[in-house]
Amino acid sequence: MEQEPQKQASVDTAVPEPPAKPDSPRLNPDAADEPEQVIRPEDEALVVERLRELGYIE
Amino acid sequence: MQAKPNIILISADSLRANHLGCYGYSLPTSPNIDAFAGQGALFEKVFAPGIPTQPSHTTIFTGQHPVTHGVVAHGGKAKLGRGTPFLPEILLGEGYTTCAVDTLFRERIWFGRGYEYIIDPSLHHLFYASVTQEELNDRAIQWMKTVHKQPFFMFIHYWDVHYPYVPPDRMRGQFYKGGNPTDPDNHALDEWWDHPVGAMAKDTWLRTPNGLITDPNYVTALYDREIRYLDEGIAALSDALEKEGLSENTMVVLLADHGESMTDHRIFYDHYGLHDCCVQVPTIIRWPAGNLKAGTRFAPFRQLFDIAPTLLEAAGSDLPEDLDGKSFLPQLTGKEEPSGYDRVIGCESTWQSKYYLRTDRYKFILARYPDLLGNPDRELFDLEADPGEDRNIAAEQPQLVAEMEKELEAWIAEKMEAAGRTEDPVTKEGPVAVEIWEQHRG
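Residue numbers (our numbering), protein chains in the order written: chain D, 201 to 258; chain G, 29 to 470.
A portion of the hints provided could be inaccurate.
Said to hold, decoys possible - Each computed DMTMM-like pair below joins lysine to aspartate or glutamate, with the alpha-carbon atoms no more than 20 angstroms apart:
{"no.": "1", "chain 1": "G", "residue 1": "K230", "chain 2": "D", "residue 2": "E253"}
{"no.": "2", "chain 1": "G", "residue 1": "K271", "chain 2": "G", "residue 2": "E162"}
{"no.": "3", "chain 1": "G", "residue 1": "K173", "chain 2": "G", "residue 2": "D267"}
{"no.": "4", "chain 1": "G", "residue 1": "K230", "chain 2": "D", "residue 2": "D243"}
{"no.": "5", "chain 1": "G", "residue 1": "K105", "chain 2": "D", "residue 2": "E258"}
{"no.": "6", "chain 1": "G", "residue 1": "K32", "chain 2": "G", "residue 2": "E144"}
In case anyone wonders, no lab produced these hints; they're calculated from the structure.
Predicted model only: the values in this text are computed from it and were never measured.
If we strip away everything but chain D, and leave its shape as in the complex, we get:
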């Protein structure tokens, strides 16, 4: 059966490590200009209503 596990070489040395990252998120100096997101109760209710229509939630 084609989905049977197949032996493969150990990957400890075969897989490159992820790239180095800076220590902390870069803070955008323009952050204050970014929009404030506020999801109001009526927005959340609309989300629920739409997802119910889709059958995503009951």
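Chain D is fixed; fit chain G onto it per the hints.
What follows is chain G alone, placed relative to chain D:
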């Protein structure tokens, strides 16, 4: 003899593997998850046999492929058979105290099977996916401190990374390269408004006092901020385990049910389409007492149906015979060499009804019904030359398409026969949400 381990299974809904540092992302979304991976084992190529949430979690808990258990759609008609093995139910029988900090049982009753405790702080929200990691952790940590009997199994289902992406306000400024998030002349998201989920986003969480968010880079930054927020929650949970002296013999598994498309393949901020951005999922396991070699990375293909047998074996349970998955515990503990599958098969039947067959080199996607994006019924991608799956080469490789289609159909037929099915569940279910999409587009 070592005591049975506690087991914490964490599902981070919609967490895309390659948006984590330990999976190669260039932005610092996940310092704590990266550290967690450094203490345990990371599986680089784990695939979801079924997406999105309901089919995938059903697969995780049953150890079966969707063609076997029959739940191929989110919001579909199929029900899980009562006799189908279910992870928490088996662990309960093995003497575990079982707890879900989760909402799924509200949608499909089988997700409540086997739990002595179900804790659901999402009841405080209109939409369950608005529940935060802090709310879940508050309850989960308190429960761990007071559980009357170990070993315990706890399932925690975080929704932070699932839409709507509304990260804490204190994260404003992170991961956005600058620009105007609400530029009215930016029409890069216009196609999304033709989709019901996009229209919902436009009418709700993308509306701000500054205007409508129109920059996809900004929406992606919101998604990444949600990952960073979740990452804080993973750290808090991990710290609590340490503080309670539970860290050593608790096996913690962090995975996702599916990934997320950003704007890939004209699928905006959602989890359908069988491309790797959605079907490849992060999977990290930490278990200090289990002799896992810290920082090990496993490259062979594995699938989410391997999780249940692996956890059952760790718990010392006999494995049910009707599982599709195979335990990788002996590999985790160094008793066997790393191994996996040479190809994986998966499906979806929510916004579109399709199968995929993926090898290391190629991805073949076969549609049971035409999709609403106008993609051809047969797509082939050379993942070596085109890892983003942007160029369909099916017309250039008809022989390979025929071979992969034949193999896929034979596999489906074999699985159906083994499960006693007379009809392909993907064909039978059809794309359950597509009618709404068609109506929306008019």
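Here is how each hint holds up against the structure:
no.: 1; hint: K230(G) x E253(D); verdict: holds (17 angstroms)
no.: 2; hint: K271(G) x E162(G); verdict: holds (17 angstroms)
no.: 3; hint: K173(G) x D267(G); verdict: holds (13 angstroms)
no.: 4; hint: K230(G) x D243(D); verdict: holds (10 angstroms)
no.: 5; hint: K105(G) x E258(D); verdict: holds (13 angstroms)
no.: 6; hint: K32(G) x E144(G); verdict: holds (18 angstroms)
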